[in-house]
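As a plain string of letters, each chain reads:
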Amino acid sequence: MSEPGQGRARGRGGRGRSRPQTADQPAPGQAPPPSQPLPPGAAGAAPPVGRGRARGVAARQAAAQQQQQQQQPQISQMQQQPQAQAEAAGAMVGGRGVQRGGGRERPSGNGGPPTAQMAGMSLGDSGDAPYRRRAPYERFVERQWKAPNISSKGAMGDKCNLITNYFPVTLPSEFKIYQYHVDFKPNIENVRVKFAMIANLSEAIGDTKLFDGGILYLARKLPADPSVFYAKRAYDGEQVQITFTFTCEVQSTSPQFLQISNILFKRVQGALKMKQIRDHYFNMGLSVQVSKHRLEVVPGFTTSIAKYEGGNLLGVDIIHKILRMDTVLDSLYDLYNSFNSNDISAFHNKAVKELVGSIVMTRFNNKTYRVDDIDWDKRPTSTFERKGEQISFADYYKQHWNISISDMNQPLLVTKPTDKDLRRGDQENLCLIPELCTITGLSEQARSDFNVMRDLAVHTRIGPDKRVATLEKFTRQINQDAEAQKILQPWHMKIAPIAARIPARQYPAEKLLMRDKSNKLTEISYNIREADWSRNMRNVFLLKAVYMENWMIVFPGKAQSNAAELSDCLNKVGSGMGMRIGHPTVVELPNDRNDSYLQAIRANLKDTVQMVVAVVMNNKKDRYDAIKKMCCIDHPVPSQVVMTKTLSKKQGLMSVATKIAIQMNCKMGGEVWGTNIPLKNFMVVGMDSYHDSSNKGQSVGAMVASLNKECTRYYSKTEYHPSKDELMRNLGVLFTGALRKYHEVNGSLPQKLFIYRDGVGDGQLAAVQESEIEQIRQACKNAAGEEYRPQLTFFVVKKRIATRLFYQENNQIINPQPGTIVDDFVTKSEWYDFFIVSQSVRQGTVTPTSFNVIKDESGLQADHLQKLTYKMTHLYFNWQGTVRVPAPCQYAHKLAFLQGQSLHREFSAHLADKLFYL
Amino acid sequence: MPNKNTPNGFYMFMLEEQKKIKAQTKTTPSMHELPAMCKDSWKSLSAAQKAYYDNLAKQEKARQRSGSDKDKYRKDNQRQIIAYRRDPVLEKEKRRRHETDVMQKSWRDHDLLEIVFHVIDFQVMYDERHEDHHLPLELGMTAFTLRDGLLKSLHSFINPGEVPQGNKHLAFKHSENTHKIPIDFEQGDKDFGRIWRKINDFINGDATDDGDIPPLFCLSDNTEIVEGCLDFIYMKSDADEPNLIHKIYCMEDLVSSLIVKSGKTERRPVLSQINDALRQNLWDFTGSIRCAYHEETDCSFCSLSIVRRHSFAAFDLLSNVLDFSLTPNHMPPQPEQQFQVLAPEAFGRAFQRGNRRKNFERPQTAPNGDWEDRHQYMPQRQQHQQPRQPDYSVVPPAVGRFEINLSDDDDDEDEDNDDNYEDEDDEEVKSTHAEYHLKELRKPKTLSMLQVVSNDGGNMPSVLARLGRGAPLYMAAQMTHPGGMAPQPAVAPPPGFGIRPTMPVTRQVTPVQSLGSGAIGRGRGRGRGLPPQI
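Listed in order, the protein sequences are those of chains A and B.
Residue numbers for the first sequence follow UniProt numbering, beginning at 1 and rising by one.
Residue numbers for the second sequence follow UniProt numbering, beginning at 1 and rising by one.
Check each hint, because a few of them may be wrong.
The list that follows gives simulated cross-link-like pairs (lysine-lysine, BS3-like), each with its CA atoms no further than 27 Å apart [to be verified]:
| id | chain 1 | residue 1 | chain 2 | residue 2 |
| --- | --- | --- | --- | --- |
| 1 | B | K247 | A | K696 |
| 2 | B | K190 | A | K353 |
| 3 | B | K247 | A | K724 |
| 4 | B | K39 | A | K724 |
| 5 | A | K709 | A | K680 |
| 6 | B | K39 | B | K19 |
| 7 | B | K19 | A | K621 |
| 8 | A | K781 | A | K752 |
| 9 | A | K724 | B | K19 |
| 10 | A | K645 | B | K94 |
| 11 | B | K39 | A | K350 |
| 12 | B | K190 | B | K180 |
| 13 | A | K350 | B | K247 |
| 14 | B | K39 | A | K353 |
| 15 | B | K92 | A | K696 |
| 16 | B | K39 | A | K420 |
| 17 | B | K39 | A | K696 |
| 18 | A | K781 | A | K153 |
| 19 | B | K19 | A | K350 |
| 20 | A | K696 | B | K19 |
| 21 | A | K620 | B | K72 |
| 22 | B | K92 | A | K378 |
| 23 | A | K752 | A | K176 |
| 24 | B | K173 | A | K621 |
| 25 | A | K828 | A | K799 |
| 26 | A | K620 | B | K173 |
| 27 | B | K173 | A | K353 |
| 28 | A | K367 | B | K173 |
| 29 | A | K159 | B | K180 |
| 30 | A | K781 | A | K420 |
Residues from chain B that face chain A, not an exhaustive set, calculated with beta carbons under 10 Å [claimed, not checked]:
| id | residue |
| --- | --- |
| 31 | Y52 |
| 32 | D127 |
| 33 | R129 |
| 34 | D132 |
| 35 | H133 |
| 36 | G166 |
| 37 | N167 |
| 38 | H169 |
| 39 | N177 |
| 40 | N281 |
Don't read these hints as lab results, they were simulated from the structure.
Glycine included, every Cβ here is placed at the ideal spot set by N, Cα and C.
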């Protein structure tokens, strides 16, 4: 028995493969429990697993010629006519297994991750045409991203040792397993029935097996090929012929074996009594109840086994799922009881408002759904069609899940099929029983409740010491648990109980350039542990202060005292920073309507006004949007919106004013601090994208490029691209603009371009390389002619990674200090990648940021690229400390966010050389 | 399943037989009938003869694969023949071109300024890719002529009934993000017959002499919504008469056609720019043009306000092109001045004490040579070289995207903007040209409709002086420069952050001929390029 693999060994799940429906494995022969409470049609028909794929195969095998012209067959489009599914199911015979025989066609005998398996299959179908989908396999796994003669290891900084969340995995060195393709005759559609049958054959084929519905891996070779067995179908006793056809041997050193080990590891987690919710396994037994807020925190792990420079490593990290302790039915009753009147429709409206849109989980099968509606007319006694018969919800749950529904008067929740369901052919809305549903996640209300978040943080933000302890406990448990060992032993897989210790380096604190009171350049430093210099810059002047002589403050009458204090404070703190702040034009509004603000600003905006400060009473989004639209598009002028709430605390007002003053200084084009970068003629560029909330299907791509040697002045520009391809399309425009501006400022063009690109996954590296880098090259040509060829260095920045690093100090495990750099062991051998811990966190475990250099022509050593990256994390002026990503990336993110959320169109070019979006 | 399009030996044989039969009987049997007619004679063929036809088939196949019409035989992943695939974007463009032609023809023998145009907009329950229907919640329509401005408008809330099962989440989200109209709104009209009649009456009054229902205009992004909503209303109204409202045209096409018709330019302005101009945010929150409900909620997604805004924007764009003057009917009524400007003395404490206790002794030049090239942050007054306008320049000239910059001068960012399109495809290049043209058209700096071209400020019609931006609108002297070419940038970049000290120098130093190839030929010196640095 095994489950269909859902390994994510390479950061990207197998394309077109479906996940197992539930975590529980049914006993052999038992009627398969339907995976969904109400799948009319789907429950009885073939299980959804791989259907889309199968159909694709059927079509393709039949029309091989046609297939050559297909570029990227899209699964989504392969199932449009429902009646075609029956045919597809028929065509599935042989289709899936053959296709999944990953290693078969590959001459080397090497297997590959699932993406590659697809590719391998089709080579056989159309041998004459170069098959395009083979490429992804090479891209992800084999492609060398770094030049072979360049070392990606640095040496600068103090050496130290870190603990990681990686555990070495020992795979057998001389071990082969055998891959078989399994055929059932007559064809069996239900995977679980297949599992049961294969399980019954264990005498013949041995206990050591891994089956996913089409492919069978065995530890020993069967005597005959093909081998034929017969089994009885449990529920009707029909004789089924099972044929095993040998496909290939899989060496334990091949990437395919890693894939297998990932599947195995999922089974291990299952054996440890963990439950699968979506992708990850959770330990329901260890859940913590926060009764005060009626919440439950369930700990779980994300795991993946992959090959790194330090060998095969198992990466584990702790994740949490937050569940409400109440069922939806409880919430409904609470709501109902809170209504005194008998106004049913008011209650209905309120309930819909509260519950619709939330994600619920059904506890019996741990699946999640989004509630799209509440059907007030349906009851658990209502019936639905299943296998052509009408059955009531109550009976269904009794029969198939052995759950009795106690409240027969509850309404039902309605959930619409997701895109994936639609692709699979499930078109109907599903009904869920509120009694069986638990809301997951936090409500907006709870999220903004400080107390709730604090109480939860105790459980979710785990400190480094506890995290290491939990992880090592987990691996020890695997090593001790008999069940788990029974799974791993036959495959000769061993997992080290102790987390890997790796070498790392620590950079010292950076020196920051500012000015002293006599306006001379001076350097300030900071405590490296805190990575925060708000105190250190109290007695110095800003690097380049803008004299804010002429500005405007707009506020509603009610906020007059706040506004007066603000302007007073600004004046005071400004003088302490070398930033003179003059008289504002004071505009008082009778109310806080949007139009009043706009009218007032418009009317008083003389062309000498440098800054508009708007004091607002609340954070109404449309007003903010309106102000920003006017000040960024129609009448370009830097603007600052301040909420009265932030001004109401008297004791914190000075520090608030300081921050606002710094921010305004940047918005007007000033500079706050700088770093010394010992390079000449270079430009650092940050890129990020954000989905525009109003322009459907469009994403904003923002680019922010440095203009001077200290990287304190920036040029910003945005573009729109269709969001379905994450890559930016109009980079040329952005880069030509940036290069021109650079030339205008410096009188020369940059020789080196350092580009930090955020928001690309591992799967898109090649696409980025092909599309974006090409566009940048073209832009350089357009800006300055054919001969201009700057040296490009392209970093892909990733913030959300599972890698964690810990520092051990006197038996105490703490977060590594900011400036810690790792470029060995947990990096990939084909990549030029490194990790930097640049920020300091007060609570919980710090997450390092991953940098992957996919193109480097700068000729700089790894040390220098790493150091430059580290320096760039110091230059985000909105935060007096280091940030997680290089500052241009953070700026680009801010800009894309502003445009995607508020502006919805390109901002005025007059503002392009200011950080007006801070 | 075999691919039916692939020729085989039998198929080639049939084709030959078909020709023979045609020659003999002058009738062409169809491909349906042929197999039955040919199968016996095919069976009787010898293997060699069959091989001949197989060979023919092979050749045919090869021809299909490599020929210039190979797309006729290839299918995409949705099993549609590639050559016959229809691109929805292209389809829509084609449709719009056709509509534009029809529209322009219908204007023949009419005074452009007298034609009544109708603008329509709907707010819908949700706008979701998966849903093929559109449920209207609010209707707004206006009718205008260019000469007289807005003539009338129609506004109604609509109650389309229950939210379809399962879509409540979408409806809530859409309402919250945009129009804020609650579900099951009490002001919503459920009588679709009445709504349909209202719409018809609104248009019918302006039917042309030949009884044609005039087209309705909306933004190109909204055509589907408007069509869907109109169909929905018609369907629900159970009207006896046929649905005559089927001309839903794009407002961008209207504006661009009018500009072309004016004869002041040969080039058609770029539609996306007109779209931007029509959607401008200037009057988003102007109270007096909204419906009462949206006025109360202070929300800009009001159909009534949207159609009016579009009309105003159109007047603004066209007033100079078609030479009509803006009357109060062409612009939103001037709201009362809401704000009051306080004297600084009445405000903060610091200013009473006098804030100049500290003299910031900032060196005129940076002490360190390293930083020398960047002392653009001089005190404001020194660098503001442009003589300040006299008192009446209270209205800051708008420098939005659709502002028209006629000067070749100084406006670097704008230039960047324009030049950047070079490496883009034709469309983009066109756009820059057209942008330029649009700029030309709006001669002496029509920033928006608020700015009235007038040679002497004193002569300003009194009504205009109050309109628009809530302040007297007089144009600065440069606006009235004859010939439409302002001598200097009408709009200085917002001051205070950077005169660009290096810039003029750079420009002189940079020889134009060293430009990248793309940059040359843009004319007008805007392709100030950069010398190659290697």
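For each hint given before, does the structure comply? Return the numbers of the non-compliant ones in rising order. 3, 4, 7, 9, 10, 11, 13, 14, 16, 17, 18, 19, 20, 21, 22, 23, 29, 30, 31, 34, 35
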